[in-house]
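All chains, full assembly: derive it from the sequences and hints.
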Amino acid sequence: MGDMAPEPARASAPSAAVDAARDAEQRAPRSPAPAPSSANDDGVRPRRYDNWGARSVECYEKLEQIGEGTYGQVYMARCKETMDIVALKKIRMDNEKEGFPITAIREIKILKKLRHRNVVDLKEIVTSKASASNGHKGSIYLVFEYMDHDLTGLAERPGMKFSVPQIKCYMKQLLMGLHYCHNNNILHRDIKGSNLLINNNGVLKLADFGLAKPITNENAQPLTNRVITLWYRPPELLLGATQYGPSVDMWSAGCIFAELIHGKPILPGKSEMEQMDIIFKLCGSPTPENWPDADKLPYAKHFKQKKTYPRRLREVFSQFTPSAKDLLEKFLTLDPAKRISAKDALMHDWFWEVPKPCEPEDLPRYEPSHEYQTKKRRQEAKRAEQQNKRQRMDGHRPPPPMDDQKPASGPDVRPRGHAGPPGGMRPGMPPSGRYGAGGSASGWSSGGQQKQSYAQRSIGRQPTSGYGSIGGGMNRLGGSGGSYSNLNITTGTSGGSYSGYRGGSKTAGWAGGGQKAGSQKAGWANVSKDAKDGERRN
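Residue numbering for the sequence shown follows the UniProt record's numbering, starting at 1 and increasing by one per position.
I should point out that these hints are in silico values taken from the structure, not numbers from a laboratory. Nothing here was measured: the structure is a model prediction, and the numbers come from that model. There's no promise every hint is true.
Claimed, not checked - Taking lysine-lysine and the DSS-like style, the derived pairs with C-alpha atoms no more than 30 Å apart in a straight line are: (1) K62 x K123; (2) K306 x K343; (3) K62 x K112; (4) K281 x K301; (5) K270 x K304; (6) K264 x K338; (7) K306 x K109; (8) K343 x K213; (9) K270 x K382; (10) K281 x K338.
Unchecked claim - Pairwise CB distance ranges (calculated): (11) C79 x M273: 44 to 54 Å; (12) E380 x C79: 28 to 38 Å; (13) N290 x R157: 34 to 44 Å.
Ideal Cβ placement from N, Cα and C applies to all residues, glycine included.
Here's what the structure looks like:
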(Lines of atoms letter the chains of each structure in order from A and count residues from 1; the text may use other names and numbers.)
(Lines give C-alpha, C1' and ligand atoms only; values in the text may rest on other atoms or scores of the structure.)
Protein backbone atom coordinates (compact mmCIF):
# COMPACT_ATOMS: atom_id res chain seq x y z
CA MET A 1 0.00 0.00 0.00
CA GLY A 2 2.88 2.34 -0.50
CA ASP A 3 4.56 1.72 2.85
CA MET A 4 8.30 1.30 2.98
CA ALA A 5 9.71 -0.50 5.98
CA PRO A 6 12.92 0.90 7.49
CA GLU A 7 16.12 -0.97 6.75
CA PRO A 8 16.55 -3.86 9.18
CA ALA A 9 19.18 -3.74 11.88
CA ARG A 10 21.92 -6.36 11.73
CA ALA A 11 22.43 -9.13 14.24
CA SER A 12 23.55 -12.67 13.56
CA ALA A 13 21.60 -14.79 16.04
CA PRO A 14 18.56 -14.69 18.32
CA SER A 15 20.63 -14.27 21.47
CA ALA A 16 22.60 -11.42 19.93
CA ALA A 17 19.38 -9.76 18.81
CA VAL A 18 17.87 -9.96 22.28
CA ASP A 19 21.07 -8.55 23.80
CA ALA A 20 21.05 -5.74 21.25
CA ALA A 21 17.46 -4.90 22.12
CA ARG A 22 18.31 -4.89 25.83
CA ASP A 23 21.37 -2.65 25.34
CA ALA A 24 19.51 -0.24 23.09
CA GLU A 25 16.65 -0.04 25.55
CA GLN A 26 19.02 0.73 28.42
CA ARG A 27 20.78 3.48 26.46
CA ALA A 28 17.56 5.10 25.26
CA PRO A 29 16.40 8.15 27.24
CA ARG A 30 13.29 7.43 29.26
CA SER A 31 10.34 9.74 29.55
CA PRO A 32 8.42 9.43 32.79
CA ALA A 33 4.97 7.98 32.33
CA PRO A 34 2.10 10.03 33.70
CA ALA A 35 0.85 8.56 36.93
CA PRO A 36 -2.58 6.97 36.50
CA SER A 37 -5.34 8.54 38.53
CA SER A 38 -6.25 5.14 39.95
CA ALA A 39 -5.25 1.51 39.69
CA ASN A 40 -8.21 0.87 37.42
CA ASP A 41 -6.98 3.47 34.90
CA ASP A 42 -3.82 1.50 34.34
CA GLY A 43 -5.28 -1.97 34.73
CA VAL A 44 -2.14 -3.90 33.69
CA ARG A 45 -1.19 -7.12 35.43
CA PRO A 46 2.42 -7.32 36.60
CA ARG A 47 4.58 -9.19 34.14
CA ARG A 48 5.51 -12.70 35.11
CA TYR A 49 8.91 -13.00 33.44
CA ASP A 50 11.65 -10.38 33.65
CA ASN A 51 14.55 -12.41 32.23
CA TRP A 52 13.45 -12.01 28.64
CA GLY A 53 14.91 -14.40 26.09
CA ALA A 54 15.85 -17.03 28.68
CA ARG A 55 12.86 -19.31 28.10
CA SER A 56 12.15 -21.57 25.15
CA VAL A 57 9.11 -21.48 22.89
CA GLU A 58 8.65 -25.11 23.94
CA CYS A 59 7.03 -23.67 27.08
CA TYR A 60 4.03 -22.94 24.85
CA GLU A 61 1.73 -25.13 22.79
CA LYS A 62 0.66 -23.56 19.48
CA LEU A 63 -3.08 -23.90 18.93
CA GLU A 64 -3.99 -21.92 15.80
CA GLN A 65 -2.59 -19.31 13.45
CA ILE A 66 -4.44 -16.01 13.86
CA GLY A 67 -2.31 -13.58 11.88
CA GLU A 68 0.38 -13.16 9.26
CA GLY A 69 2.32 -10.28 7.81
CA THR A 70 5.73 -9.08 6.72
CA TYR A 71 7.00 -9.63 10.27
CA GLY A 72 6.03 -13.33 10.38
CA GLN A 73 3.14 -15.34 11.79
CA VAL A 74 0.99 -14.90 14.90
CA TYR A 75 -0.34 -17.94 16.76
CA MET A 76 -2.79 -18.47 19.54
CA ALA A 77 -0.92 -20.61 22.08
CA ARG A 78 -1.25 -22.05 25.57
CA CYS A 79 1.36 -21.80 28.31
CA LYS A 80 2.09 -25.36 29.43
CA GLU A 81 2.85 -24.19 32.97
CA THR A 82 -0.07 -21.86 33.72
CA MET A 83 -2.52 -22.89 30.94
CA ASP A 84 -2.91 -19.18 30.07
CA ILE A 85 -3.83 -18.42 26.45
CA VAL A 86 -1.36 -16.05 24.77
CA ALA A 87 -0.44 -14.77 21.31
CA LEU A 88 2.96 -15.79 19.91
CA LYS A 89 4.33 -13.39 17.31
CA LYS A 90 7.11 -15.08 15.37
CA ILE A 91 9.77 -12.71 14.05
CA ARG A 92 10.71 -13.52 10.49
CA MET A 93 14.44 -14.28 10.20
CA ASP A 94 14.58 -15.58 6.62
CA ASN A 95 17.68 -13.64 5.63
CA GLU A 96 20.41 -13.88 8.25
CA LYS A 97 22.44 -11.12 6.58
CA GLU A 98 19.63 -8.65 7.27
CA GLY A 99 19.64 -9.69 10.90
CA PHE A 100 17.03 -8.93 13.54
CA PRO A 101 14.41 -6.53 12.10
CA ILE A 102 14.55 -2.99 13.42
CA THR A 103 10.74 -3.03 13.64
CA ALA A 104 10.89 -5.85 16.21
CA ILE A 105 13.61 -4.08 18.20
CA ARG A 106 11.49 -0.92 18.29
CA GLU A 107 8.43 -2.84 19.38
CA ILE A 108 10.32 -4.56 22.20
CA LYS A 109 11.93 -1.34 23.44
CA ILE A 110 8.70 0.63 23.43
CA LEU A 111 6.38 -2.01 24.86
CA LYS A 112 8.78 -2.70 27.73
CA LYS A 113 8.18 0.88 28.84
CA LEU A 114 4.46 1.27 28.16
CA ARG A 115 2.02 -0.02 30.78
CA HIS A 116 -1.59 0.92 30.15
CA ARG A 117 -4.99 -0.70 29.98
CA ASN A 118 -5.35 0.32 26.32
CA VAL A 119 -1.89 -0.77 25.14
CA VAL A 120 -1.24 -4.45 24.42
CA ASP A 121 0.90 -6.19 27.05
CA LEU A 122 4.18 -7.79 25.96
CA LYS A 123 4.79 -10.57 28.47
CA GLU A 124 8.17 -11.97 27.44
CA ILE A 125 10.44 -13.02 24.59
CA VAL A 126 11.12 -16.70 23.93
CA THR A 127 13.41 -18.43 21.46
CA SER A 128 13.63 -21.71 19.59
CA LYS A 129 16.81 -23.68 18.99
CA ALA A 130 18.40 -23.79 15.57
CA SER A 131 17.16 -26.76 13.57
CA ALA A 132 16.63 -27.93 10.02
CA SER A 133 13.01 -26.73 10.17
CA ASN A 134 14.07 -23.11 10.74
CA GLY A 135 17.11 -23.09 8.48
CA HIS A 136 19.52 -23.68 11.39
CA LYS A 137 19.01 -20.10 12.56
CA GLY A 138 16.60 -20.40 15.45
CA SER A 139 13.55 -18.19 15.88
CA ILE A 140 12.41 -15.45 18.22
CA TYR A 141 8.84 -15.06 19.45
CA LEU A 142 7.21 -12.12 21.21
CA VAL A 143 4.64 -13.33 23.75
CA PHE A 144 1.58 -11.08 24.06
CA GLU A 145 -1.63 -11.32 25.99
CA TYR A 146 -4.26 -12.96 23.79
CA MET A 147 -6.97 -10.73 22.35
CA ASP A 148 -10.11 -12.30 20.87
CA HIS A 149 -10.58 -9.84 18.00
CA ASP A 150 -9.13 -7.05 15.96
CA LEU A 151 -11.41 -4.21 14.90
CA THR A 152 -11.21 -5.05 11.19
CA GLY A 153 -12.05 -8.70 11.73
CA LEU A 154 -14.93 -7.75 14.01
CA ALA A 155 -16.32 -5.12 11.63
CA GLU A 156 -16.26 -7.57 8.70
CA ARG A 157 -18.36 -10.20 10.42
CA PRO A 158 -21.50 -10.88 8.35
CA GLY A 159 -24.33 -8.60 9.42
CA MET A 160 -22.16 -6.68 11.89
CA LYS A 161 -23.35 -3.17 12.70
CA PHE A 162 -21.96 -1.36 15.71
CA SER A 163 -24.32 0.60 17.93
CA VAL A 164 -23.55 4.25 18.76
CA PRO A 165 -22.71 3.46 22.44
CA GLN A 166 -20.41 0.68 21.18
CA ILE A 167 -18.65 3.01 18.73
CA LYS A 168 -18.22 5.60 21.46
CA CYS A 169 -16.77 2.97 23.79
CA TYR A 170 -14.22 1.85 21.18
CA MET A 171 -13.28 5.42 20.23
CA LYS A 172 -12.91 6.45 23.86
CA GLN A 173 -10.48 3.58 24.49
CA LEU A 174 -8.55 4.28 21.28
CA LEU A 175 -8.11 7.91 22.28
CA MET A 176 -7.13 7.00 25.84
CA GLY A 177 -4.42 4.70 24.49
CA LEU A 178 -3.18 7.38 22.09
CA HIS A 179 -3.22 10.04 24.80
CA TYR A 180 -1.07 7.80 27.00
CA CYS A 181 1.41 7.12 24.16
CA HIS A 182 1.63 10.77 23.13
CA ASN A 183 2.11 11.85 26.75
CA ASN A 184 5.06 9.46 26.82
CA ASN A 185 6.44 10.91 23.57
CA ILE A 186 5.60 7.82 21.51
CA LEU A 187 4.12 8.05 18.02
CA HIS A 188 2.36 4.87 16.94
CA ARG A 189 2.49 5.59 13.18
CA ASP A 190 0.31 2.69 12.07
CA ILE A 191 -3.17 3.15 13.51
CA LYS A 192 -5.65 1.02 11.54
CA GLY A 193 -8.40 -1.47 12.32
CA SER A 194 -6.23 -4.59 12.28
CA ASN A 195 -3.86 -3.00 14.84
CA LEU A 196 -6.67 -2.30 17.32
CA LEU A 197 -7.22 -5.46 19.35
CA ILE A 198 -10.34 -6.16 21.41
CA ASN A 199 -10.98 -8.88 23.95
CA ASN A 200 -14.30 -10.37 25.01
CA ASN A 201 -14.30 -8.12 28.06
CA GLY A 202 -14.74 -5.22 25.63
CA VAL A 203 -11.27 -3.76 26.22
CA LEU A 204 -9.56 -2.22 23.18
CA LYS A 205 -5.76 -2.09 23.00
CA LEU A 206 -3.28 -0.51 20.62
CA ALA A 207 -1.00 -3.13 19.08
CA ASP A 208 1.81 -3.55 16.54
CA PHE A 209 4.34 -0.93 17.57
CA GLY A 210 6.79 -1.97 14.85
CA LEU A 211 6.63 1.48 13.22
CA ALA A 212 6.32 3.40 16.49
CA LYS A 213 8.88 6.10 17.23
CA PRO A 214 10.00 7.73 20.49
CA ILE A 215 10.34 11.49 20.14
CA THR A 216 11.81 13.94 22.61
CA ASN A 217 11.78 16.94 20.28
CA GLU A 218 9.87 17.04 17.00
CA ASN A 219 12.68 19.01 15.36
CA ALA A 220 15.55 16.90 16.68
CA GLN A 221 15.98 14.75 13.56
CA PRO A 222 14.15 14.06 10.30
CA LEU A 223 11.61 11.25 10.43
CA THR A 224 10.56 8.99 7.59
CA ASN A 225 7.27 9.82 5.91
CA ARG A 226 6.89 6.25 4.62
CA VAL A 227 4.77 5.16 7.55
CA ILE A 228 1.07 4.57 8.25
CA THR A 229 -1.01 2.38 5.96
CA LEU A 230 -2.09 4.38 2.92
CA TRP A 231 -5.81 4.67 3.66
CA TYR A 232 -5.02 6.14 7.09
CA ARG A 233 -2.00 8.28 6.13
CA PRO A 234 -2.35 12.05 6.70
CA PRO A 235 -1.76 14.58 3.91
CA GLU A 236 1.41 16.04 5.44
CA LEU A 237 3.17 12.66 5.11
CA LEU A 238 1.95 12.26 1.53
CA LEU A 239 3.43 15.70 0.83
CA GLY A 240 6.79 14.58 2.20
CA ALA A 241 6.90 16.00 5.73
CA THR A 242 9.83 14.76 7.83
CA GLN A 243 9.06 16.84 10.91
CA TYR A 244 5.79 15.79 12.52
CA GLY A 245 4.24 14.81 15.81
CA PRO A 246 1.17 13.17 17.40
CA SER A 247 -1.15 14.78 14.85
CA VAL A 248 -0.31 12.01 12.34
CA ASP A 249 -1.95 9.45 14.65
CA MET A 250 -4.97 11.71 15.10
CA TRP A 251 -5.68 11.75 11.36
CA SER A 252 -5.66 7.94 11.41
CA ALA A 253 -7.98 7.96 14.43
CA GLY A 254 -10.35 10.22 12.50
CA CYS A 255 -10.42 7.74 9.61
CA ILE A 256 -11.28 4.95 12.08
CA PHE A 257 -13.99 7.14 13.64
CA ALA A 258 -15.68 7.80 10.30
CA GLU A 259 -15.28 4.16 9.24
CA LEU A 260 -17.04 2.87 12.36
CA ILE A 261 -20.06 5.10 11.77
CA HIS A 262 -20.08 4.94 7.96
CA GLY A 263 -19.54 1.17 7.82
CA LYS A 264 -16.63 1.16 5.37
CA PRO A 265 -13.27 2.89 4.78
CA ILE A 266 -13.68 6.49 3.70
CA LEU A 267 -10.36 7.11 1.89
CA PRO A 268 -9.51 3.90 -0.03
CA GLY A 269 -6.77 5.10 -2.37
CA LYS A 270 -4.76 2.71 -4.53
CA SER A 271 -1.66 4.89 -4.88
CA GLU A 272 -0.17 7.87 -3.11
CA MET A 273 -1.26 10.17 -5.93
CA GLU A 274 -4.82 8.86 -5.82
CA GLN A 275 -4.84 9.00 -2.01
CA MET A 276 -3.90 12.66 -2.08
CA ASP A 277 -6.54 13.35 -4.70
CA ILE A 278 -9.41 11.74 -2.76
CA ILE A 279 -8.31 13.50 0.44
CA PHE A 280 -8.48 16.88 -1.29
CA LYS A 281 -11.83 16.05 -2.91
CA LEU A 282 -13.29 15.24 0.52
CA CYS A 283 -11.43 17.65 2.81
CA GLY A 284 -10.80 20.47 0.36
CA SER A 285 -7.65 21.65 -1.38
CA PRO A 286 -4.89 23.27 0.68
CA THR A 287 -4.96 27.06 0.62
CA PRO A 288 -2.92 29.73 2.42
CA GLU A 289 -5.92 30.18 4.71
CA ASN A 290 -6.55 26.57 5.77
CA TRP A 291 -2.93 25.29 5.62
CA PRO A 292 -0.31 28.06 5.38
CA ASP A 293 2.73 25.75 5.39
CA ALA A 294 1.52 23.25 2.78
CA ASP A 295 3.54 24.82 -0.05
CA LYS A 296 6.76 24.40 1.94
CA LEU A 297 6.53 20.59 1.99
CA PRO A 298 8.87 18.68 -0.37
CA TYR A 299 6.25 17.08 -2.63
CA ALA A 300 3.76 19.94 -2.71
CA LYS A 301 4.64 20.87 -6.29
CA HIS A 302 3.97 17.31 -7.45
CA PHE A 303 0.39 17.47 -6.15
CA LYS A 304 -0.56 20.78 -7.70
CA GLN A 305 -4.16 20.48 -8.87
CA LYS A 306 -5.80 22.33 -11.71
CA LYS A 307 -9.00 22.61 -9.72
CA THR A 308 -9.50 23.82 -6.17
CA TYR A 309 -11.88 21.51 -4.33
CA PRO A 310 -14.25 22.73 -1.60
CA ARG A 311 -14.46 20.95 1.74
CA ARG A 312 -17.35 18.43 1.60
CA LEU A 313 -17.12 16.44 4.86
CA ARG A 314 -20.48 17.59 6.21
CA GLU A 315 -22.18 17.03 2.87
CA VAL A 316 -20.77 13.53 2.30
CA PHE A 317 -21.48 12.41 5.87
CA SER A 318 -24.83 14.14 6.22
CA GLN A 319 -26.21 11.15 8.16
CA PHE A 320 -23.80 11.86 11.05
CA THR A 321 -25.14 13.80 14.02
CA PRO A 322 -24.04 17.46 14.23
CA SER A 323 -21.58 16.70 17.03
CA ALA A 324 -20.16 13.68 15.15
CA LYS A 325 -19.64 15.84 12.05
CA ASP A 326 -17.92 18.48 14.16
CA LEU A 327 -15.56 15.92 15.72
CA LEU A 328 -14.78 14.46 12.29
CA GLU A 329 -13.98 17.96 11.00
CA LYS A 330 -11.48 18.37 13.83
CA PHE A 331 -9.89 14.94 13.23
CA LEU A 332 -9.53 15.46 9.47
CA THR A 333 -8.15 19.00 9.56
CA LEU A 334 -5.61 19.41 6.77
CA ASP A 335 -3.21 21.55 8.79
CA PRO A 336 -1.61 19.25 11.39
CA ALA A 337 -0.96 22.23 13.66
CA LYS A 338 -4.74 22.76 13.94
CA ARG A 339 -5.74 19.09 14.21
CA ILE A 340 -7.40 18.02 17.46
CA SER A 341 -5.34 16.20 20.12
CA ALA A 342 -6.36 12.95 21.81
CA LYS A 343 -6.94 14.78 25.10
CA ASP A 344 -9.22 17.39 23.52
CA ALA A 345 -11.06 14.75 21.49
CA LEU A 346 -11.93 12.88 24.70
CA MET A 347 -13.58 16.07 25.98
CA HIS A 348 -15.64 16.62 22.82
CA ASP A 349 -19.42 16.94 23.14
CA TRP A 350 -19.95 13.79 21.06
CA PHE A 351 -18.81 11.61 23.97
CA TRP A 352 -21.06 13.39 26.45
CA GLU A 353 -24.34 13.53 24.57
CA VAL A 354 -26.98 10.78 24.69
CA PRO A 355 -26.47 7.94 23.96
CA LYS A 356 -23.30 7.91 26.03
CA PRO A 357 -20.47 5.37 25.67
CA CYS A 358 -21.26 2.02 27.21
CA GLU A 359 -18.83 0.35 29.58
CA PRO A 360 -16.46 -2.21 28.00
CA GLU A 361 -17.89 -5.05 30.08
CA ASP A 362 -21.37 -4.26 28.71
CA LEU A 363 -20.32 -4.79 25.09
CA PRO A 364 -21.57 -7.89 23.24
CA ARG A 365 -19.39 -10.99 23.14
CA TYR A 366 -18.47 -12.48 19.79
CA GLU A 367 -16.74 -15.51 18.40
CA PRO A 368 -13.03 -14.80 17.75
CA SER A 369 -12.69 -12.44 14.78
CA HIS A 370 -9.28 -11.58 13.36
CA GLU A 371 -8.60 -10.02 9.97
CA TYR A 372 -6.45 -13.02 8.99
CA GLN A 373 -9.23 -15.49 9.80
CA THR A 374 -11.87 -13.32 8.13
CA LYS A 375 -9.87 -13.21 4.89
CA LYS A 376 -9.27 -16.94 5.09
CA ARG A 377 -13.00 -17.65 5.53
CA ARG A 378 -13.81 -15.32 2.64
CA GLN A 379 -11.33 -17.11 0.37
CA GLU A 380 -12.72 -20.50 1.38
CA ALA A 381 -16.28 -19.32 0.72
CA LYS A 382 -15.25 -18.04 -2.69
CA ARG A 383 -13.62 -21.34 -3.59
CA ALA A 384 -16.72 -23.21 -2.42
CA GLU A 385 -18.95 -20.94 -4.52
CA GLN A 386 -16.81 -21.56 -7.59
CA GLN A 387 -16.93 -25.30 -6.98
CA ASN A 388 -20.72 -25.18 -6.60
CA LYS A 389 -21.03 -23.31 -9.89
CA ARG A 390 -18.95 -25.92 -11.65
CA GLN A 391 -21.04 -28.71 -10.13
CA ARG A 392 -24.30 -27.01 -11.14
CA MET A 393 -23.05 -26.69 -14.69
CA ASP A 394 -21.94 -30.31 -14.71
CA GLY A 395 -25.51 -31.28 -13.81
CA HIS A 396 -26.87 -29.44 -16.88
CA ARG A 397 -24.54 -31.03 -19.42
CA PRO A 398 -26.11 -33.74 -21.59
CA PRO A 399 -24.55 -37.16 -21.00
CA PRO A 400 -22.06 -38.36 -23.61
CA PRO A 401 -23.69 -40.70 -26.18
CA MET A 402 -22.85 -44.38 -26.12
CA ASP A 403 -20.82 -45.70 -29.05
CA ASP A 404 -23.79 -47.69 -30.40
CA GLN A 405 -25.99 -44.56 -30.29
CA LYS A 406 -23.71 -42.37 -32.39
CA PRO A 407 -24.95 -41.85 -35.96
CA ALA A 408 -22.43 -43.20 -38.43
CA SER A 409 -23.31 -40.58 -41.01
CA GLY A 410 -26.16 -38.45 -42.24
CA PRO A 411 -27.64 -35.14 -41.15
CA ASP A 412 -26.96 -33.47 -37.84
CA VAL A 413 -29.46 -34.91 -35.36
CA ARG A 414 -28.58 -32.63 -32.44
CA PRO A 415 -31.41 -30.61 -30.87
CA ARG A 416 -32.25 -27.40 -32.63
CA GLY A 417 -30.39 -24.41 -31.25
CA HIS A 418 -27.49 -26.47 -29.91
CA ALA A 419 -24.45 -25.76 -32.03
CA GLY A 420 -22.30 -28.13 -30.00
CA PRO A 421 -18.78 -27.66 -28.80
CA PRO A 422 -16.12 -26.55 -31.25
CA GLY A 423 -13.79 -28.90 -33.08
CA GLY A 424 -16.23 -31.84 -33.10
CA MET A 425 -15.98 -32.43 -29.33
CA ARG A 426 -18.83 -34.63 -28.11
CA PRO A 427 -21.39 -32.94 -25.84
CA GLY A 428 -20.56 -33.58 -22.21
CA MET A 429 -16.87 -34.14 -22.84
CA PRO A 430 -14.99 -32.03 -20.28
CA PRO A 431 -12.28 -29.68 -21.54
CA SER A 432 -8.78 -30.55 -20.47
CA GLY A 433 -5.41 -29.02 -19.69
CA ARG A 434 -5.07 -25.93 -17.54
CA TYR A 435 -8.83 -25.22 -17.64
CA GLY A 436 -10.11 -28.77 -17.21
CA ALA A 437 -8.99 -32.30 -16.54
CA GLY A 438 -6.08 -32.66 -18.89
CA GLY A 439 -5.39 -31.31 -22.63
CA SER A 440 -6.28 -27.84 -23.87
CA ALA A 441 -9.64 -26.15 -24.27
CA SER A 442 -10.26 -24.71 -27.70
CA GLY A 443 -11.37 -21.15 -28.27
CA TRP A 444 -14.13 -20.39 -30.73
CA SER A 445 -16.07 -17.65 -32.50
CA SER A 446 -19.65 -17.68 -33.77
CA GLY A 447 -20.63 -20.81 -35.67
CA GLY A 448 -18.48 -23.09 -33.56
CA GLN A 449 -15.26 -22.84 -35.57
CA GLN A 450 -12.15 -23.73 -33.62
CA LYS A 451 -9.80 -20.86 -32.85
CA GLN A 452 -6.60 -20.39 -30.91
CA SER A 453 -6.63 -22.38 -27.66
CA TYR A 454 -7.20 -20.62 -24.34
CA ALA A 455 -3.99 -22.10 -23.03
CA GLN A 456 -2.05 -20.51 -25.90
CA ARG A 457 -3.65 -17.17 -25.20
CA SER A 458 -2.31 -17.36 -21.65
CA ILE A 459 -5.36 -15.79 -20.06
CA GLY A 460 -4.28 -16.04 -16.43
CA ARG A 461 -1.48 -18.13 -15.05
CA GLN A 462 -3.35 -19.10 -11.93
CA PRO A 463 -6.91 -19.87 -12.96
CA THR A 464 -8.04 -20.74 -9.44
CA SER A 465 -7.39 -17.17 -8.30
CA GLY A 466 -8.10 -15.40 -11.58
CA TYR A 467 -10.22 -16.69 -14.43
CA GLY A 468 -10.72 -20.18 -13.00
CA SER A 469 -11.91 -23.27 -14.82
CA ILE A 470 -14.44 -23.48 -17.59
CA GLY A 471 -17.44 -24.92 -15.80
CA GLY A 472 -19.57 -27.44 -17.63
CA GLY A 473 -17.18 -28.22 -20.46
CA MET A 474 -17.94 -25.59 -23.11
CA ASN A 475 -20.35 -22.70 -23.48
CA ARG A 476 -23.10 -23.13 -26.02
CA LEU A 477 -22.92 -20.63 -28.85
CA GLY A 478 -26.20 -18.95 -29.57
CA GLY A 479 -27.60 -20.06 -26.19
CA SER A 480 -27.57 -18.55 -22.75
CA GLY A 481 -24.00 -19.69 -22.11
CA GLY A 482 -22.46 -21.08 -18.99
CA SER A 483 -20.42 -19.93 -16.06
CA TYR A 484 -16.73 -19.19 -16.43
CA SER A 485 -15.68 -19.55 -12.76
CA ASN A 486 -16.87 -16.22 -11.36
CA LEU A 487 -17.26 -14.65 -14.82
CA ASN A 488 -20.73 -14.87 -16.33
CA ILE A 489 -20.51 -15.29 -20.09
CA THR A 490 -23.27 -14.86 -22.61
CA THR A 491 -22.22 -15.59 -26.15
CA GLY A 492 -24.13 -14.49 -29.23
CA THR A 493 -23.60 -15.16 -32.89
CA SER A 494 -20.95 -12.52 -33.31
CA GLY A 495 -19.77 -11.48 -29.86
CA GLY A 496 -20.51 -11.45 -26.17
CA SER A 497 -19.65 -9.94 -22.85
CA TYR A 498 -18.20 -10.91 -19.54
CA SER A 499 -18.22 -9.24 -16.16
CA GLY A 500 -17.28 -9.76 -12.55
CA TYR A 501 -13.52 -10.20 -13.03
CA ARG A 502 -12.02 -9.62 -9.57
CA GLY A 503 -14.66 -7.12 -8.62
CA GLY A 504 -13.83 -5.03 -11.69
CA SER A 505 -15.94 -4.41 -14.74
CA LYS A 506 -14.84 -5.18 -18.30
CA THR A 507 -16.55 -5.86 -21.59
CA ALA A 508 -15.17 -7.77 -24.55
CA GLY A 509 -16.18 -9.16 -27.92
CA TRP A 510 -15.31 -12.83 -28.26
CA ALA A 511 -14.10 -12.81 -31.86
CA GLY A 512 -11.53 -10.04 -31.95
CA GLY A 513 -13.84 -7.45 -30.41
CA GLY A 514 -12.72 -4.60 -28.17
CA GLN A 515 -11.69 -5.18 -24.59
CA LYS A 516 -12.30 -2.23 -22.35
CA ALA A 517 -10.19 -2.23 -19.20
CA GLY A 518 -9.52 1.19 -17.75
CA SER A 519 -8.06 3.22 -20.61
CA GLN A 520 -6.68 0.25 -22.60
CA LYS A 521 -8.41 -1.44 -25.53
CA ALA A 522 -7.33 -4.67 -27.21
CA GLY A 523 -8.68 -7.37 -29.50
CA TRP A 524 -9.96 -10.27 -27.39
CA ALA A 525 -8.47 -12.95 -29.64
CA ASN A 526 -5.02 -11.42 -29.26
CA VAL A 527 -5.14 -10.47 -25.61
CA SER A 528 -2.62 -12.02 -23.22
CA LYS A 529 -3.30 -11.06 -19.63
CA ASP A 530 -2.16 -12.45 -16.30
CA ALA A 531 -4.76 -12.74 -13.59
CA LYS A 532 -3.72 -10.37 -10.87
CA ASP A 533 -5.20 -9.65 -7.50
CA GLY A 534 -6.17 -6.09 -6.69
CA GLU A 535 -4.54 -4.19 -3.91
CA ARG A 536 -5.47 -5.36 -0.43
CA ARG A 537 -6.52 -3.11 2.39
CA ASN A 538 -3.54 -3.11 4.96
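*Taking each numbered hint in turn, which are not upheld by the structure, reported in ascending numerical order?*
Violated hints: 2, 7; rest satisfied.
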